[in-house]
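Student: For reference, the chains in residue letters:
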Amino acid sequence: MVEGIAEHEVTAKKVHHEELGWWRKYIFSVDHKVIGIQYGITALAFLLTGFTLMALMRWSLAYPDEPGPWWIFISGFTIMGIVVFLIGGIKRPYISLGGFIFIGIAGLVWYFTTQDSMLPVGTMLPEFYNSLGAMHGTIMVFLGIVPLAVGAFGNYVLPLQIGAPDMSFPRLNMASYWIFLVGGVLMLTSFFLPGGAAQSGWTSYPPLSVIQPGQTMWLIAMIFVITSSLLGAINFIVTTVQLRAKGMTWMRLPFFVWTQFITAFLLLLAFPALEVGAIFQLLDRVLGTSFYMSSGMVIGGEVVEIAGGGSALLWQHLFWFLAHPEVYVLILPAIGIVAEIITNNTRKPLWGYKAMVYSLIFIGFMSFTVYAHHMFITGMGSKVATWFMTTTMIISIPSIIFLAVMVFTLWGGSIRFSVPMLFALAWIPMFGIGGLTGLPLGLAPPDIHLHDTYYVIGHFHYVVAPGSIIALFAGIYYWFPKMTGKKLNDMLGKVHFWGTLIGMNLVFGPMLIQGMAGVSRRLYDGGLQYDHAQPVLFLNEWMSWGAWIIGIFQVAFIINIFLTLKKGEKVSDNVWEATTLEWSAAPSPPIAHGNFSTVPEVHRSAYEYNVPVNGRIEEFAPQNQPEEPVEAEE
Amino acid sequence: MINKFRSSVLAVILLAAFTYAFSGGTVTGTVTYKGKIPKLRKFDMAIEPVCVMKHEKDPESYPARSEALILGDGNTLGNVFVNVISGLPEKKWEIPEEPVILNQDGCTYKPHVLALMAGQPLKFLNSDGVLHNLHTLPEENDEFNVTMPKFLKETIRTFEYPEPMFRIKCDVHPWMGGFLAVMDHPFYSITDKDGIFLISGLEPGTYEVEFWHEKLGTRTETVTIEGEETKTVDFTFTRKKKK
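Chain order of the listed sequences is A and B. For the record, in the first sequence the residue sitting at position 48 is 48 according to this note's numbering, with numbers rising by one throughout. For the record, in the second sequence the residue sitting at position 208 is 208 according to this note's numbering, with numbers rising by one throughout.
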């Protein structure tokens, strides 16, 4: 029996003919494609919001204690909103409604300017800087990148690539999105509550997080977001195991599916630790328990009236048990996207597919064994530190394999420099920098010097911004024609690409230099008070301008999306001449319910580009293309 | 002697002014201290040269010391919070719109002890032009922990609920500390260095008056007011000898 036979033909046909109302079709939909797009739009809106918070912070870092030109942000977003309204008009409400995202962000910034606890006399208060920092990190990681990488791409692409009509549990899928949305909205509303938003960084270390205002809503929102991720993870695993089309064996799975499958396990096994940790912290704050508060604790010269007996370190263990695998949750789908695009645009099979799959499984397992390298300075002792240093060095091996495979795939390929390919190509050195700069942090001796400096910020931003986000942009350009039937404009795409890439390096490169000079993170004035920071202080201005340049170049991306939706020309179903099922077996966009007009059957591996068939070279052979009988030699 | 005379004249003037302004009885008096005068802790403000310079200009406050025991001539005691704790009629008292001012000046809180009514604005000033922090430690009201960078010359807060004395401190400058009380009535006074307090506008009746000092604790006295008389209640805090 062929592995991976899915018994979904009957279901697909039944769902096909079901007529759904507008609400069920577009809002409370159980269709994985609609849910994927919902996740995508929401995550992009959160990414823009999180980015904006950072753009505000960068003013304080470049020009501390000076009134900011907040009106530029407010008017800029308002204009963007109006432009989107004009593009959409009355005839295309699905575009016009997008304008509210920009108007909403303009309103948020305007609200900040009206609050004495945020931007009094137009200048940023340090505690508001802390709030912006905590919310920037939280929003970008938990409400932006993960929902886009997993919720959007995973939901949309995975069932299509395995030849499934939908996810295994469509209602659970819908519940996952709506729980996520509630969590995201709660997170944003914390800005409007007395005490403001959380101020304890995205890591929320106690005891600060237990005593600081604003943290309670962060915890409640996180519980929603985590629950949503757990529901999604179960769905992804079951779908991949149960709903693969006939002939879709494990080693024929597109690499992107593998990355989503392993990522789902990471989410499923790591997030419960943070959920428990968040509930404990909530109890410490609301009910006065002391999970994280030790006895006789003195804060600011005052003995805190608590039961005591807890340990702040417990949080660090629970948090990093999630947060290190979380790094791989951010990066593995990105690797999957880049692998799809590179192999498609080099017109070559993915070099070392099996090595990639085994590396992926290995990295997933190892990601649970390295987390305490974030805690070297907690006094864990040299023996424990040695263990975590060793595992950290070992986990770099599969990462190197990924990079090597990408480079070897490029070797000798007839490379198409399409927009998604530009992003994918840029990802290789960017992720390389992100990974290599992590090595000193994985070794206790240099980490003692670099811990909590800007070096750490530079490192992980190289991993998640030019690492994950660049790959996610690549994925958007690559699968946009699948989702809409229209291809994004190349010129605007290239403008977006170069501006983003240069801007990101302007921001994150100098962070590594500042960090090596010993400049601490989380300083609202960028280190102005410290003598040792003075020689590298000028970089703050460079970095801020780099960040704002990134923002300006996102306009090209935003306009590109809305203009293409309005005016883009219809492209062929398989615009990239790809081999995987979502391109070869389904129309663009796929059929509303069921995805495929006929249930696909898989006959070959995922990336058969320029492979010899009967003595000739086939430019590409889709997975559902039956094998030709071998012609007998005369 | 001259200082005592000056204090008495001041007291009479204040008394006359308040008697004119408010009808009702008045409780006034002088609070003094009895006991060994401890050596007050000096503050090292070297990290804030602006504050050091301010203190250098004023010989009386140089070097800067703890304000835990402010004594005038004749051991009159400052920073004593005197307030009526029982005997007042059940009613809602008018909340002044005028803000109470707490100035961060010379890296100290001026005044060191203050009181205001719930809902009355409290204006914090930053005369130093350096980064200060305002961290209140109330139990009934919402705690706040906010910074006042050099650009922020003033900020206003209010407290919602009445609450006995609680601490306010600066997390940037560990020596900076003060005390705040939030009241639900206007019958309170804080002694200056001359130890004089004055509470006016009291209706006839018997009242319990509390004297609070940050180091010497709390004592109460019972006062009966008849008509619009002025009752003088002199009070002495005696430092307990260590056993």
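Treat each hint with caution, since some may be false.
To be verified - Here's a subset of chain A near chain B, in silico, CB distances under 10 Å, partners left out: (1) Val121; (2) Pro126; (3) Gly296; (4) Gly551.
Stated by the list, open to error - The calculated label-pair distances, taken between Cβ atoms and stated as ranges, are: (5) Thr378/A with Ser61/B: 41 to 47 Å; (6) Pro99/B with Leu97/A: 16 to 22 Å; (7) Glu139/B with Ile90/A: 54 to 60 Å.
Please keep in mind that the hints were generated in silico from the structure rather than gathered at the bench. Glycine residues also receive a C-beta, built at the ideal position from the N, C-alpha and C atoms.
Student: Does glycine 296/A pass the interface check with chain B, least Cβ-Cβ distance below 10 Å?
Tutor: Status violated, d = 17 Å.
Student: Range hint 41 to 47 Å: satisfied by the CB atoms of threonine 378/A and serine 61/B?
Tutor: About 44 Å separates the Cβ atoms of threonine 378/A and serine 61/B, which means 41 to 47 Å holds.
Student: Does the Cβ distance between glutamate 139/B and isoleucine 90/A fall inside 54 to 60 Å?
Tutor: holds, 57 Å
Student: Double-check valine 121/A for me: the hint is only fine if its C-beta lies closer than 10 Å to a C-beta in chain B.
Tutor: holds, 6 Å
Student: At the C-beta level, are proline 99/B and leucine 97/A separated by a distance inside 16 to 22 Å?
Tutor: Between proline 99/B and leucine 97/A, where Cβ atoms are some 46 Å apart, the hint is violated.
Student: Next item in the hint list is glycine 551/A. Is there a CB on chain B closer than 10 Å to its CB?
Tutor: Not OK, violated: glycine 551/A not within 10 Å of chain B, min 25 Å.
Student: Does the closest beta carbon of chain B sit nearer than 10 Å to the beta carbon of proline 126/A?
Tutor: Cβ of proline 126/A sits 5 Å from chain B, so the hint holds.
Figure legend: structure checked against the earlier numbered hints; hints not met, in rising order: 3, 4, 6.
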